[in-house]
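Enquirer: Chains as they are written, first to last, in the working numbering: chain A, 1206 to 1515; chain B, 1206 to 1515; chain C, 1206 to 1515.
Think of the hints as simulated: they come from the structure by calculation, not from any bench. Every value quoted in this text rests on a predicted model; they were computed, and no experiment measured them. Among these hints, one or two may not hold up.
Because identical chains cannot be distinguished in the list, a pair is counted as satisfied if it fits within a single copy or across any two copies.
What the hints assert, rightly or not - No farther apart than 20 Å at their CA atoms in a straight line, the calculated lysine-lysine pairs in the PhoX-like style are these: (1) Lys1405 - Lys1464; (2) Lys1405 - Lys1209; (3) Lys1448 - Lys1209; (4) Lys1425 - Lys1229; (5) Lys1242 - Lys1209; (6) Lys1370 - Lys1448.
Each chain, written out:
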Amino acid sequence: MGLKGRDLVSIRDLSREEVVEVLKASRRMLPYSEGSKIGHQLEGKVLTLAFFEPSTRTRLSFETAMARLGGRSVTISDPSASSLRKGETLYDTIRVIGQYGDAVVLRHPNEGAARLAAQASDRPVINAGDGAGQHPTQTLIDLATIEEKFGTLQGLNVVLLGDLKYGRTVHSLARALALFGTSLVLTAPPTLAMPEEVRKDLDSAGAKVQEEPELERAVKNADVLYVTRIQRERFGDEAEFAKVAGSYRVDPALLEPAKERMIVLHPLPRTGEISPSVDASPHAAYFRQAFLGVPVRMGLLSLILTGKAA
Amino acid sequence: MGLKGRDLVSIRDLSREEVVEVLKASRRMLPYSEGSKIGHQLEGKVLTLAFFEPSTRTRLSFETAMARLGGRSVTISDPSASSLRKGETLYDTIRVIGQYGDAVVLRHPNEGAARLAAQASDRPVINAGDGAGQHPTQTLIDLATIEEKFGTLQGLNVVLLGDLKYGRTVHSLARALALFGTSLVLTAPPTLAMPEEVRKDLDSAGAKVQEEPELERAVKNADVLYVTRIQRERFGDEAEFAKVAGSYRVDPALLEPAKERMIVLHPLPRTGEISPSVDASPHAAYFRQAFLGVPVRMGLLSLILTGKAA
Amino acid sequence: MGLKGRDLVSIRDLSREEVVEVLKASRRMLPYSEGSKIGHQLEGKVLTLAFFEPSTRTRLSFETAMARLGGRSVTISDPSASSLRKGETLYDTIRVIGQYGDAVVLRHPNEGAARLAAQASDRPVINAGDGAGQHPTQTLIDLATIEEKFGTLQGLNVVLLGDLKYGRTVHSLARALALFGTSLVLTAPPTLAMPEEVRKDLDSAGAKVQEEPELERAVKNADVLYVTRIQRERFGDEAEFAKVAGSYRVDPALLEPAKERMIVLHPLPRTGEISPSVDASPHAAYFRQAFLGVPVRMGLLSLILTGKAA
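Only chain A is shown next, with the shape it has when bound in the complex (with noise of 0.2 Å):
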């Protein structure tokens, strides 16, 4: 009942709590998403997508979601398309756009962009990435994956690889992974190290962090390696890019002496951080996790638009 009509714009906007009612109505999902049962707890519902930066995947499963319980999407996903060309503020086209379906999913550029967005609109807003800043519906995707491997969220180890600077998705993942009570594991480049504000953000919840720089320590207690891009866009600087990009790789060697349960996750897309001759390991769960992109937005958009998550 807690997140009917309520907007999404950051991860620490729900509690320990609604995270958890989150995942419990995503699972009840899966038989929807999988098309082995037709849902149709959304019909009579419209999702208003505005993507104002390309994210195929996030946008077709928001709509795939949408589909799979009898909801309409309608979409703008073509931005230079937009109003905003003719000189329109963000304000106004969310403002009448917001009017039209029963909630907005925002997909934005501009950091911020998201919470002003939720001030415009009267239905709820969702926010599917405002650039730097917030992307909750991917921790929510992430939290889920680990849980259906573990069953909890507690007591993991979780090593957090790559940039741990510029990703967001490890941010996010991070301040809520410490309202768990997991141990997280840092492993970066000495020039993508997690900021200082993050760190004391987990501090204060009273996270369990520890630095480990070499990868090989780190996979060896790990119950999930949590596996990011360095993404090129994020980096003001080509030549602080170019002396990180392709710093570590995932393969079937560095694997080896890993736990048996042991998951390595990736939001996707990946470039060249994971090898191809991982995906038949049994450690690999990022084509799974990217599947969970339609159940937990399942749940989500459920509890949301119509405030039951099944």
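Dock chains B and C against the given chain A, drawing on the hints supplied.
Expert: Chains B and C in isolation, oriented as in the chain A frame:
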């Protein structure tokens, strides 16, 4: 019954009685457009949207209108991606895709495109704007907003402000209001005066028309202040545009002496013509007007596709 | 039952019996495709359209096919907006989005892309054109149009006119007609003759094939005149294109000596190959052929997604 299977290329294709019928159907659609009732009236119907020019809000409101009534849309919104690129004529494109769904909504940069499309298609064609030509559903929305506020279209004093030369929405609106005996006041920069041809049509329709170049004076007696954007893209000459851009701006001070019930309308997007500080005023009706795009298009589609008004 | 869950990459993936089954299913779909019956056969099904190359009419006809049977589509139609831009492989993209819906329709500029996608996806993949490769649903539509007119595919005399070298539609059509013992007449500019490889396949399938460079002579005995567009984009060499562009044109005078029942087909879009003055002729069947894209794709999707033919 009268509108079933009909094209809508120009607002002049509709008699006064037919306009009244559409407005009545639109009012009945309100609970469905707000999501408080689930509609099934257009179940099984497919609307083809062929947008050869971007117009995000028009497209979304048509798609939402179909979705809210249980119908489906298939959409072209990337003009460069079309068969036209391979050298196909508009006639061939519409002749083919006009067979797929139950009606076609066309948006096109060239005046006259909608009439041509109506000839090519066996199924009804609805003009959603063809260059400097017609945009009849915008006019129906304008009328619906005025009628919702005042309960009538008669005995009102409507000020048309801004670009009355190139602004197709004001030409269509003026012609439609003439059917209802509304008093029109024209307030425009001298170089953007209403064209003689439109003035003559209004005169022969018996419309009460006067010019009032002083905006302050026009506002005092207005029931409706209809503000338009000066569209750079309609000007051949950049110098002519520069002279008139920014020549008027509606702000709270201007509205001070207005009648209490007076409403400000604007087809949106606005650029600088209406200050955002007007948004909170009880006079501001342009966001409501934008919302009514959905129920008005629902009413129209219902009449054209099924002949029924609810 | 044979087609349920199957990929369709090339028309050669289908046996003669399976082609007959699809054509039969397509005929049963006619009332649904015309909107005279409301279909629910694909309720709860989601089709993912991944168009990495624009093809408006193919995309719209698949989407309409789903809509007319109560199913849903989610669509990528802006290739530049995809994860591929971020350096993702086609394998990864299809592996991920192939999990969302119940089947994938792929359009891609590169030959072989559909076979690769079929390997990446757990769910069925339907090839909607991969570069110079295959486009099997176009062939099924061609066959359906001929069968609708003549009640059979056997004992007919089919003239293939135009670019028989690069034109993938005529290669596939020729191979399919060979299964039914149709007589083929090849009419092409010398530099655009049917490739040896295709000729050999036709010979080993026991097809009756002859060459007739004189178009007038070919028309006299034709039951079907299948006209193709010479596609500039398939030519490496602009000079080679210029030599053959405009080398034939179908007009009413050419059709004068044709059999009364003879039909002219064209996969569209046409540029100058068929004069618009042919449109009104009883021989013109290319717009009907374009329309049949909807029921044929309905029949195929129904068989692949549910195993049922109506």
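Enquirer: Which of the listed hints are broken here?
Expert: 1, 2, 3, 4
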